[in-house]
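Protein chains: 2
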Amino acid sequence: MSAQNAFYAQSGGVTAVINASACGVIETARQHSDRIANVYAGRNGIIGALTEDLIDTNQESAENIAALRHTPSGAFGSCRYKLKSLEANQREYERLIEVFKAHDIGYFFYNGGGDSADTCYKVSQLSEKMGYPVQAIHVPKTVDNDLPITDNCPGFGSVAKYIATSTLEASFDVRSMSATSTKLFVLEVMGRHAGWIAAAGALVEDQGIPVITLFPEVEFDQEKFLAAVRAKVERHGYCTVCVSEGCHWPDGRFLAEQGTRDAFGHAQLGGAAPVVANMVKEAFGYKFHWAVADYLQRAARHLASKSDVEQAYALGKAAVEFALDGQNAIMPTVVRKSSAPYVWEIGKAPLAEVANVEKFMPKDFISEDGYGITDKCREYLYPLISGEDYPPFENGLPKYVTLNNAGVARKLGPFEL
Amino acid sequence: MSAQNAFYAQSGGVTAVINASACGVIETARQHSDRIANVYAGRNGIIGALTEDLIDTNQESAENIAALRHTPSGAFGSCRYKLKSLEANQREYERLIEVFKAHDIGYFFYNGGGDSADTCYKVSQLSEKMGYPVQAIHVPKTVDNDLPITDNCPGFGSVAKYIATSTLEASFDVRSMSATSTKLFVLEVMGRHAGWIAAAGALVEDQGIPVITLFPEVEFDQEKFLAAVRAKVERHGYCTVCVSEGCHWPDGRFLAEQGTRDAFGHAQLGGAAPVVANMVKEAFGYKFHWAVADYLQRAARHLASKSDVEQAYALGKAAVEFALDGQNAIMPTVVRKSSAPYVWEIGKAPLAEVANVEKFMPKDFISEDGYGITDKCREYLYPLISGEDYPPFENGLPKYVTLNNAGVARKLGPFEL
Numbered sequence: 001m002s003a004q005n006a007f008y009a010q011s012g013g014v015t016a017v018i019n020a021s022a023c024g025v026i027e028t029a030r031q032h033s034d035r036i037a038n039v040y041a042g043r044n045g046i047i048g049a050l051t052e053d054l055i056d057t058n059q060e061s062a063e064n065i066a067a068l069r070h071t072p073s074g075a076f077g078s079c080r081y082k083l084k085s086l087e088a089n090q091r092e093y094e095r096l097i098e099v100f101k102a103h104d105i106g107y108f109f110y111n112g113g114g115d116s117a118d119t120c121y122k123v124s125q126l127s128e129k130m131g132y133p134v135q136a137i138h139v140p141k142t143v144d145n146d147l148p149i150t151d152n153c154p155g156f157g158s159v160a161k162y163i164a165t166s167t168l169e170a171s172f173d174v175r176s177m178s179a180t181s182t183k184l185f186v187l188e189v190m191g192r193h194a195g196w197i198a199a200a201g202a203l204v205e206d207q208g209i210p211v212i213t214l215f216p217e218v219e220f221d222q223e224k225f226l227a228a229v230r231a232k233v234e235r236h237g238y239c240t241v242c243v244s245e246g247c248h249w250p251d252g253r254f255l256a257e258q259g260t261r262d263a264f265g266h267a268q269l270g271g272a273a274p275v276v277a278n279m280v281k282e283a284f285g286y287k288f289h290w291a292v293a294d295y296l297q298r299a300a301r302h303l304a305s306k307s308d309v310e311q312a313y314a315l316g317k318a319a320v321e322f323a324l325d326g327q328n329a330i331m332p333t334v335v336r337k338s339s340a341p342y343v344w345e346i347g348k349a350p351l352a353e354v355a356n357v358e359k360f361m362p363k364d365f366i367s368e369d370g371y372g373i374t375d376k377c378r379e380y381l382y383p384l385i386s387g388e389d390y391p392p393f394e395n396g397l398p399k400y401v402t403l404n405n406a407g408v409a410r411k412l413g414p415f416e417l
Numbered sequence: 001m002s003a004q005n006a007f008y009a010q011s012g013g014v015t016a017v018i019n020a021s022a023c024g025v026i027e028t029a030r031q032h033s034d035r036i037a038n039v040y041a042g043r044n045g046i047i048g049a050l051t052e053d054l055i056d057t058n059q060e061s062a063e064n065i066a067a068l069r070h071t072p073s074g075a076f077g078s079c080r081y082k083l084k085s086l087e088a089n090q091r092e093y094e095r096l097i098e099v100f101k102a103h104d105i106g107y108f109f110y111n112g113g114g115d116s117a118d119t120c121y122k123v124s125q126l127s128e129k130m131g132y133p134v135q136a137i138h139v140p141k142t143v144d145n146d147l148p149i150t151d152n153c154p155g156f157g158s159v160a161k162y163i164a165t166s167t168l169e170a171s172f173d174v175r176s177m178s179a180t181s182t183k184l185f186v187l188e189v190m191g192r193h194a195g196w197i198a199a200a201g202a203l204v205e206d207q208g209i210p211v212i213t214l215f216p217e218v219e220f221d222q223e224k225f226l227a228a229v230r231a232k233v234e235r236h237g238y239c240t241v242c243v244s245e246g247c248h249w250p251d252g253r254f255l256a257e258q259g260t261r262d263a264f265g266h267a268q269l270g271g272a273a274p275v276v277a278n279m280v281k282e283a284f285g286y287k288f289h290w291a292v293a294d295y296l297q298r299a300a301r302h303l304a305s306k307s308d309v310e311q312a313y314a315l316g317k318a319a320v321e322f323a324l325d326g327q328n329a330i331m332p333t334v335v336r337k338s339s340a341p342y343v344w345e346i347g348k349a350p351l352a353e354v355a356n357v358e359k360f361m362p363k364d365f366i367s368e369d370g371y372g373i374t375d376k377c378r379e380y381l382y383p384l385i386s387g388e389d390y391p392p393f394e395n396g397l398p399k400y401v402t403l404n405n406a407g408v409a410r411k412l413g414p415f416e417l
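Protein sequence lines correspond, in order, to chains P and E. Number 59 in the UniProt record's numbering belongs to position 59 of the first sequence; there are no gaps in the numbering. Number 145 in the UniProt record's numbering belongs to position 145 of the second sequence; there are no gaps in the numbering.
Be a bit skeptical, because a hint or two may be false.
Identical copies look the same in the list; a pair holds intra-copy or inter-copy alike.
[Stated by the list, open to error] Each computed DMTMM-like pair below joins lysine to aspartate or glutamate, with the alpha-carbon atoms no more than 25 Å apart:
id : residue 1 : residue 2
1  : K399      : D206
2  : K399      : D115
3  : K348      : E416
4  : K287      : E416
5  : K287      : D53
6  : K287      : D115
7  : K287      : E368
8  : K287      : D325
9  : K306      : E388
10 : K376      : E394
11 : K359      : E282
12 : K224      : E379
13 : K306      : E394
14 : K348      : D115
15 : K399      : E310
16 : K337      : E394
17 : K281      : E234
18 : K399      : E388
19 : K281      : E223
What the hints contain is simulated information worked out from the structure, not anything from laboratory work.
With the sequences and hints as input, model every part of the structure.
Printed below as a string of structure tokens:
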């Protein structure tokens with residue numbers, strides 16, 4: 001069997017460790033150059049495949065590829081672009097096959113979240129439905145930690161570590177100031193539908209910090225919330241609130257919505273923190289500060305979780321190994337064997353069971369009052385933020401790599417998206 | 001000469017390294033226990049002195065005091081409370097002397113910014129004006145970097161490192177997303193009147209990032225700003241904006257003001273980022289993300305600058321040594337001998353020349369178009385963010401110390417603030 005090429009692309013919101021998965025894919029493929037001649041990366045995700053805008057990763061030095069392991073963001077560019085069904089847009093699938101054929105692509109590695117798992121699943125069906133043999137493997141990635149079956153998703157552990165650390169640090173700060181100044185600190189974190197990231201903020205309760213966590217899974221009750229804040233301030237002198245961007249009123253309205261939508265049609269959020277802070281100020285007059293971490297949290301490679309980096313790399317590596325083993329339409333997963341000590345191994349899940357399924361926080365992970373987490377949740381979270389994996393620094397700043405991203409010569413005509 | 005006690009207090013907004021100064025003060029005092037019997041820390045700053053709420057630091061273990069070096073925030077509590085002049089509130093000064101006498105306090109170490117230098121200066125005059133011999137030394141601290149004479153202020157270097165790193169990481173993120181999604185990222189940073197912190201964001205231009213920095217020193221010009229953003233997006237596909245909370249219109253109005261004021265009467269700011277982001281969206285329709293770092297930036301001990309930590313400690317140590325040398329009414333300073341290699345030493349400045357003087361960015365530190373920094377500014381900034389000084393971690397989180405803060409038995413009656 002002669003060597004074929006592989007296609008790799010990054011999809012959706014990027015993370016601190018998605019490039020570690022890219023590193024795992026490319027380094028492993030290079031070890032099997034008898035089977036995989038080259039990894040062509042899609043420039044800006046699947047769009048790179050459709051427009052035949054392919055990046056020749058063989059032209060990158062081993063040193064540059066290794067540096068992906070400690071570089072946040074998507075080194076080849078990502079995109080928010082979801083393929084329609086084969087019936088609704090056959091033209092796109094025909095184009096994909098045309099590009100795959102032109103560049104002898106037999107392996108398709110797609111690195112993304114739930115929407116991307118759906119795209120990957122559709123590609124995995126091309127062999128059967130359109131007669132083009134391609135093996136499609138999905139590499140999980142999402143800070144939202146909402147993919148099913150896998151114990152957790154690469155990207156989440158590092159955000160969780162960043163949010164827990166930031167909540168701890170800012171809480172120490174407000175504690176110092178509370179006698180004469182700030183009594184309330186509100187940190188807004190990502191998480192449209194699932195409160196996994198917000199739950200990380202709740203971990204600092206273990207260090208004696210009075211923190212109230214607002215999850216998307218729990219309908220917002222203003223009166224109850226205000227009473228909870230007041231009780232914490234009266235007891236501790238201050239209070240920290242960790243609010244998920246997806247926190248919403250009983251009627252479904254988000255605490256703050258900017259009114260715009262992203263390319264997938266999801267509401268673009270931001271601004272729950274000032275809403276919450278002003279609400280408390282109006283009720284009790286407490287001086288407040290608020291922060292919105294936004295991209296800072298998912299890009300914070302400088303504070304990545306070591307276990308997260310290791311898993312991101314291992315899942316990229318496993319994707320290639322599964323492909324070489326002849327597998328199709330699967331996603332490598334993290335399987336937890338033990339929390340203390342933390343032991344995990346690589347498993348796999350059929351894409352049919354992954355695509356478009358969202359995993360929420362289990363009910364027994366959220367405390368009875370709805371404002372904190374249970375011991376079961378703690379046991380789940382701590383291993384995911386364990387260990388540090390600092391990037392190299394130069395002149396006081398992290399030394400991240402920007403690849404050359406040389407294009408592969410085009411063989412086909414243009415394609416209108 | 002028999003040993004006397006020292007008073008130490010933290011004032012104003014706390015930082016990632018103010019406790020490193022406390023560590024320097026206490027460890028050095030302990031080395032001279034023949035001259036300084038105990039360091040009494042004010043609980044919540046100068047208020048602790050006025051209310052005779054003193055903390056007995058001799059009861060803290062050497063290990064706990066050493067851990068202050070890597071713990072952010074103010075370990076003894078800080079306050080925003082400015083002493084009036086001797087003429088306007090003689091009662092407060094008489095009370096201070098009463099407390100100093102009751103607890104045999106001969107040294108006064110005050111750790112703060114410009115307002116606090118003023119308080120420290122007033123205390124230093126008590127000997128001459130009210131016949132009580134006390135030596136008052138000010139230990140500089142402010143993330144705003146706006147104290148005069150000293151080359152820089154402890155706390156600033158670490159914020160600068162955090163903001164430059166975060167700007168770099170978030171810019172890598174938006175660069176990945178810009179083909180189909182976010183094209184504009186706005187990060188709001190601290191700095192009411194001086195743009196030192198915003199200038200740190202501008203450093204990432206050296207890594208090819210298209211960044212526009214909005215300084216408080218430069219009046220905001222909407223038309224010119226929008227044109228600059230558009231030019232960057234058209235050339236690079238995306239643009240990062242680093243906006244100082246103190247950025248303002250020609251008439252002096254801040255881009256965003258919450259309408260509340262802190263205890264010093266300064267406007268409490270926050271929210272320039274969404275204003276700027278929406279302004280660009282309305283003009284060009286670019287999808288945006290914005291973040292407000294707020295307390296996260298000044299509490300981020302996990303990413304402290306090594307030179308900042310070393311200087312914070314050295315200035316605390318120097319304060320004690322100056323006091324033992326019989327000095328009064330001074331502030332130890334950082335004197336830069338060379339930028340490359342970075343060489344600095346400890347100097348001193350008379351408090352009369354420090355109190356209430358604000359140091360702005362020099363005109364020749366800001367680029368001609370007002371949106372970036374000059375090479376002179378780069379040369380100034382890089383040494384301040386140099387080196388890493390990670391705290392120890394445990395269970396995935398930084399291991400910060402919370403002191404016991406045992407009180408000193410009161411000898412006097414109560415005092416109404």
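A quick look at each hint next to the structure:
Taking the closest pair of Cα atoms, K399 and D206 come within 25 Å of each other only across two copies (12 Å); inside a single copy the shortest separation is 34 Å, beyond that limit. Proximity of K399 and D115 under a CA criterion of 25 Å is satisfied in neither setting, with 31 Å inside one chain copy and 38 Å between copies. In this assembly of identical chains, K348 and E416 lie within 25 Å of each other by CA distance neither inside one copy nor across copies; the values are 35 Å within and 68 Å between. Taking CA atoms no more than 25 Å apart as the test, K287 paired with E416 passes between copies only; the shortest distance there is 22 Å, against 54 Å inside one copy.
Taking CA atoms no more than 25 Å apart as the test, K287 paired with D53 passes between copies only; the shortest distance there is 23 Å, against 53 Å inside one copy. Proximity of K287 and D115 under a CA criterion of 25 Å is satisfied inter-copy only: 20 Å between copies versus 41 Å inside one chain copy. For the identical chains of this complex, K287 and E368 are neighbours neither inside a copy (29 Å) nor across copies (39 Å), given an alpha-carbon limit of 25 Å. In this assembly of identical chains, K287 and D325 lie within 25 Å of each other by CA distance neither inside one copy nor across copies; the values are 60 Å within and 42 Å between.
Proximity of K306 to E388 under the C-alpha cut-off of 25 Å is found in both arrangements, the shortest distances being 5 Å within a copy and 18 Å between copies. For a Cα distance limit of 25 Å, the shortest separation of K376 from E394 across copies, 19 Å, qualifies, whereas the shortest one inside one copy, 41 Å, does not. Taking the shortest Cα distances, K359 and E282 never come within 25 Å of each other, neither inside one copy (36 Å) nor across copies (36 Å). Proximity of K224 to E379 under the C-alpha cut-off of 25 Å is found in neither arrangement, the shortest distances being 28 Å within a copy and 53 Å between copies.
Taking the closest pair of Cα atoms, K306 and E394 come within 25 Å of each other both inside a single copy (21 Å) and across two copies (13 Å). In this homomeric assembly, K348 and D115 come within 25 Å of each other (Cα to Cα) only inside a single copy, at 18 Å, whereas the closest approach across copies is 61 Å. Both within a single protomer and between protomers do K399 and E310 lie at most 25 Å apart by alpha-carbon distance, with minima of 19 Å and 23 Å respectively. Proximity of K337 to E394 under the C-alpha cut-off of 25 Å is restricted to the inter-copy arrangement: shortest distance 22 Å between copies versus 38 Å within a copy.
For the homomeric pair K281 and E234, the shortest alpha-carbon distance inside one copy (15 Å) is at most 25 Å, but the shortest distance between copies (42 Å) is not. Taking CA atoms no more than 25 Å apart as the test, K399 paired with E388 passes in both settings, with 16 Å inside one copy and 13 Å between copies. In the homo-oligomer, the alpha carbons of K281 and E223 lie at most 25 Å apart inside one protomer (14 Å), although the nearest pairing across protomers, at 35 Å, exceeds that limit.
The structure does not agree with the numbered hints 2, 3, 7, 8, 11 and 12 stated previously, though it agrees with the rest.
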